[in-house]
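Line by line, the protein sequences are chains A and B.
Sequential numbering of the first sequence, starting at 38, is according to my numbering.
Sequential numbering of the second sequence, starting at 38, is according to my numbering.
Source of the hints: derived by calculation from the structure; they are not laboratory data.
Be a bit skeptical, because a hint or two may be false.
Put simply, identical chains are the same to the list, so a pair is met inside one copy or across any two.
Computed cross-link-like contacts, DSSO-like style, restricted to lysine-lysine with a CA-CA straight-line distance of at most 27 Å [stated by the list, open to error]: (1) Lys111 <-> Lys134; (2) Lys80 <-> Lys321; (3) Lys185 <-> Lys80; (4) Lys321 <-> Lys178; (5) Lys178 <-> Lys317; (6) Lys321 <-> Lys111; (7) Lys185 <-> Lys317; (8) Lys80 <-> Lys317; (9) Lys321 <-> Lys185; (10) Lys317 <-> Lys111; (11) Lys134 <-> Lys317; (12) Lys111 <-> Lys80; (13) Lys178 <-> Lys111.
In case you want the letters, here they are:
Number of protein chains: 2
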Amino acid sequence: MPVGTLGSVKGVSQDVLEELGVQILLGNTYHLYLRPGVETVRKMGGLHRFMSWDRAILTDSGGFQVFSLNELRKVSEEGVAFRSHLDGSPHFLSPEKATEVQIGLGADVIMAFDECTEYPADAQRSRASMELTLRWASRCKDYFEEHKHEVPWNSSRLSAVSSQDKQDSRQAPGRTQSLFGIVQGGMDPELRRESAERTIDIGFPGYAIGGLSVGEPRELTRDIVLSTLEHLPSSQPRYLMGVGTPEEIAQYARAGVDMMDCVLPTRAARHGLLFTSEGKISIKQARYAQDDSALDPACECRVCQRYSRAYLRHLYASNELLAQVLNTVHNLHFYLATMRTVRAWIRAGHAVGTVK
Amino acid sequence: MPVGTLGSVKGVSQDVLEELGVQILLGNTYHLYLRPGVETVRKMGGLHRFMSWDRAILTDSGGFQVFSLNELRKVSEEGVAFRSHLDGSPHFLSPEKATEVQIGLGADVIMAFDECTEYPADAQRSRASMELTLRWASRCKDYFEEHKHEVPWNSSRLSAVSSQDKQDSRQAPGRTQSLFGIVQGGMDPELRRESAERTIDIGFPGYAIGGLSVGEPRELTRDIVLSTLEHLPSSQPRYLMGVGTPEEIAQYARAGVDMMDCVLPTRAARHGLLFTSEGKISIKQARYAQDDSALDPACECRVCQRYSRAYLRHLYASNELLAQVLNTVHNLHFYLATMRTVRAWIRAGHAVGTVK
Numbered sequence: 038m039p040v041g042t043l044g045s046v047k048g049v050s051q052d053v054l055e056e057l058g059v060q061i062l063l064g065n066t067y068h069l070y071l072r073p074g075v076e077t078v079r080k081m082g083g084l085h086r087f088m089s090w091d092r093a094i095l096t097d098s099g100g101f102q103v104f105s106l107n108e109l110r111k112v113s114e115e116g117v118a119f120r121s122h123l124d125g126s127p128h129f130l131s132p133e134k135a136t137e138v139q140i141g142l143g144a145d146v147i148m149a150f151d152e153c154t155e156y157p158a159d160a161q162r163s164r165a166s167m168e169l170t171l172r173w174a175s176r177c178k179d180y181f182e183e184h185k186h187e188v189p190w191n192s193s194r195l196s197a198v199s200s201q202d203k204q205d206s207r208q209a210p211g212r213t214q215s216l217f218g219i220v221q222g223g224m225d226p227e228l229r230r231e232s233a234e235r236t237i238d239i240g241f242p243g244y245a246i247g248g249l250s251v252g253e254p255r256e257l258t259r260d261i262v263l264s265t266l267e268h269l270p271s272s273q274p275r276y277l278m279g280v281g282t283p284e285e286i287a288q289y290a291r292a293g294v295d296m297m298d299c300v301l302p303t304r305a306a307r308h309g310l311l312f313t314s315e316g317k318i319s320i321k322q323a324r325y326a327q328d329d330s331a332l333d334p335a336c337e338c339r340v341c342q343r344y345s346r347a348y349l350r351h352l353y354a355s356n357e358l359l360a361q362v363l364n365t366v367h368n369l370h371f372y373l374a375t376m377r378t379v380r381a382w383i384r385a386g387h388a389v390g391t392v393k
Numbered sequence: 038m039p040v041g042t043l044g045s046v047k048g049v050s051q052d053v054l055e056e057l058g059v060q061i062l063l064g065n066t067y068h069l070y071l072r073p074g075v076e077t078v079r080k081m082g083g084l085h086r087f088m089s090w091d092r093a094i095l096t097d098s099g100g101f102q103v104f105s106l107n108e109l110r111k112v113s114e115e116g117v118a119f120r121s122h123l124d125g126s127p128h129f130l131s132p133e134k135a136t137e138v139q140i141g142l143g144a145d146v147i148m149a150f151d152e153c154t155e156y157p158a159d160a161q162r163s164r165a166s167m168e169l170t171l172r173w174a175s176r177c178k179d180y181f182e183e184h185k186h187e188v189p190w191n192s193s194r195l196s197a198v199s200s201q202d203k204q205d206s207r208q209a210p211g212r213t214q215s216l217f218g219i220v221q222g223g224m225d226p227e228l229r230r231e232s233a234e235r236t237i238d239i240g241f242p243g244y245a246i247g248g249l250s251v252g253e254p255r256e257l258t259r260d261i262v263l264s265t266l267e268h269l270p271s272s273q274p275r276y277l278m279g280v281g282t283p284e285e286i287a288q289y290a291r292a293g294v295d296m297m298d299c300v301l302p303t304r305a306a307r308h309g310l311l312f313t314s315e316g317k318i319s320i321k322q323a324r325y326a327q328d329d330s331a332l333d334p335a336c337e338c339r340v341c342q343r344y345s346r347a348y349l350r351h352l353y354a355s356n357e358l359l360a361q362v363l364n365t366v367h368n369l370h371f372y373l374a375t376m377r378t379v380r381a382w383i384r385a386g387h388a389v390g391t392v393k
């Protein structure tokens with residue numbers, strides 16, 4: 038899932054995302070809650086219609102972003118008080134509020150509001166954090182079950198604008214929302230097992246593995262992912278949050294992970310770091326200044342088909358906007374092609390890794 | 038002509054420019070000379086091939102940009118000594134050098150190296166400047182006639198890469214280069230007439246009106262343009278440099294101007310200023326935050342067909358890259374549509390204004 042923090046994958050228009058074959062985007066609840074605000078998105082007919090995107094959208098719960106604020110937040114049983122990174126204004130997100138916001142945004146997949154346990158954390162802290170996430174998961178589910186049908190933009194809104202011909206093409210069809218639970222438990226496989234089992238007891242249509250990529254060594258990430266996967270039902274979507282490199286997403290997909298999101302392809306692109314079949318390329322390097330070859334000769338994306346490394350290097354070195362646009366298109370294509378390869382591998386009959 | 042300063046129209050990929058119907062781009066010799074440098078562009082097969090653009094390219098002579106450097110330049114009979122705005126390094130552009138650089142870039146239309154007379158300028162200064170431009174125009178033509186066939190990327194380069202299949206699609210066909218003269222003369226219609234006649238005596242396949250939009254009142258610009266046009270042959274392209282608003286380009290085109298370039302549509306777009314059939318819109322304004330209508334209901338561009346003012350306002354207010362991309366696409370479409378309307382008006386049999 039490419040990351041479209043504020044209702045836009047930075048620099049890439051929606052028609053290009055469609056052409057790339059993007060089926061689902063991630064939006065950040067924390068950011069959208071602050072700008073443009075859920076009320077605006079509601080009035081504009083939900084996030085799909087607001088950004089003119091008919092395919093799926095998953096919103097994170099805002100938890101991870103809020104926890105990243107460090108100095109600006111305070112966690113209690115009720116929720117998290119924090120100050121906006123934009124203007125310092127005070128806000129409060131609870132499991133109920135986070136769910137309400139995501140229902141209002143109109144995401145197809147809504148994530149439960151969890152506490153992302155910091156790394157490192159001792160046994161006591163990891164358990165307390167996991168227990169809090171479990172209590173919050175129940176509250177999210179209760180709120181969601183009671184309010185999931187309250188999506189005003191899905192009924193009244195659509196009929197209200199139906200007479201305006203110009204805008205019909207921007208209407209999103211009626212959609213069903215799903216709430217996913219999130220497994221925490223720090224870096225302890227036993228706590229992870231307990232978190233998985235008790236989250237399954239609450240009952241969700243899909244499960245995410247959260248609290249990883251928070252500074253721990255890569256091998257530890259892998260061990261936790263693989264052991265946690267064994268405790269999650271393979272018949273339901275299993276979503277690994279915030280991972281990873283092309284190698285990692287291929288590895289985890291083969292191990293049974295169904296969904297992943299990561300800012301890496303888009304953020305790296307904006308910093309001139311490009312993924313290719315021959316490894317990573319830092320396009321800013323002078324060695325590419327007169328390199329007439331395609332960025333990745335094996336790549337079929339628009340960028341590799343049309344432009345040379347020399348041109349891409351010139352755009353980047355000259356701080357041209359188009360550098361960020363083209364680099365992002367290429368990296369997204371590379372990630373999506375990586376996943377297509379894994380899907381073909383699975384369809385060819387290969388057993389998915391750790392599924393029991 | 039959209040402005041593609043550094044071999045890129047900021048934020049817009051070449052396939053979108055093609056789709057918009059752009060037939061000719063302007064590149065800035067001064068900027069391309071500094072980055073990536075004419076030697077790199079030569080080695081990469083010329084600007085067309087370097088940026089993967091098969092349609093026409095016009096390069097300015099670098100004169101206007103160099104004169105904009107103010108403190109960093111020194112004009113002599115021989116040419117202009119200046120320091121780079123990037124690193125302060127010393128450079129020298131003469132009529133011969135500017136022509137050599139443009140031949141090397143491979144532009145279809147090359148502009149003579151002129152002195153852009155500052156505004157205001159007294160009679161003596163205006164004449165001296167005009168005379169210098171005339172002497173430089175002769176030197177440009179002499180150099181051009183002697184060296185115009187020396188475009189290495191047009192012959193040896195193409196055969197050298199012909200075995201590389203991957204790159205054939207990026208090859209520019211053999212092209213013919215033309216050198217245009219530039220009329221100066223400050224704000225004095227008589228000097229302008231003399232400049233036009235003596236530039237015609239030197240003999241070029243096309244003529245530009247330079248030295249306008251340098252701070253003078255709009256009515257003065259118009260008077261000078263209209264009076265100068267009368268002294269330029271309508272059978273050859275007449276190019277008005279650095280103009281203007283949508284109203285101005287329509288007015289001047291109807292008056293007989295064949296070519297214009299301006300950074301306004303692209304630069305204004307990046308600042309959230311959008312041209313519409315209902316006038317200018319500053320998309321940053323809060324009044325558009327929940328405006329569900331298309332940016333310009335009468336516009337057929339991709340942006341107006343797909344996105345609302347509310348979304349464009351959100352992108353701009355959130356400093357999203359996509360704001361600059363979409364705003365630029367719309368403004369370019371608006372300018373090109375304006376010119377299409379004028380062409381239809383001319384084809385419908387309307388007499389072009391001041392042509393004698």
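Do the hints match the structure? See the list:
With identical chains, the CA atoms of Lys111 and Lys134 are at most 27 Å apart within one copy only, with a shortest distance of 16 Å there and 65 Å across copies. In this assembly of identical chains, Lys80 and Lys321 lie within 27 Å of each other by CA distance solely across copies; the values are 19 Å between and 43 Å within a copy. Taking the shortest alpha-carbon separations for Lys185 and Lys80, only the intra-copy value of 17 Å comes in at or below 27 Å, while the best inter-copy value is 61 Å. Taking CA atoms no more than 27 Å apart as the test, Lys321 paired with Lys178 passes in neither setting, with 48 Å inside one copy and 38 Å between copies.
With identical chains, the CA atoms of Lys178 and Lys317 are never at most 27 Å apart, being 42 Å at best within one copy and 48 Å at best between copies. Within a single copy, Lys321 and Lys111 get their C-alpha atoms no closer than 41 Å, and across copies no closer than 33 Å, so neither meets the 27 Å cut-off. With identical chains, the CA atoms of Lys185 and Lys317 are never at most 27 Å apart, being 43 Å at best within one copy and 42 Å at best between copies. Within a single copy, Lys80 and Lys317 get their C-alpha atoms only as close as 43 Å, which misses the 27 Å cut-off; across copies the closest is 25 Å, which meets it.
For a Cα distance limit of 27 Å, the shortest separation of Lys321 from Lys185 qualifies neither inside one copy, at 48 Å, nor across copies, at 33 Å. For the identical chains of this complex, Lys317 and Lys111 are neighbours neither inside a copy (39 Å) nor across copies (46 Å), given an alpha-carbon limit of 27 Å. Taking the shortest Cα distances, Lys134 and Lys317 never come within 27 Å of each other, neither inside one copy (41 Å) nor across copies (40 Å). Neither within a single protomer nor between protomers do Lys111 and Lys80 lie at most 27 Å apart by alpha-carbon distance, with minima of 31 Å and 59 Å respectively.
Taking CA atoms no more than 27 Å apart as the test, Lys178 paired with Lys111 passes inside one copy only; the shortest distance there is 23 Å, against 73 Å between copies.
The earlier numbered hints that this structure contradicts are 4, 5, 6, 7, 9, 10, 11 and 12.
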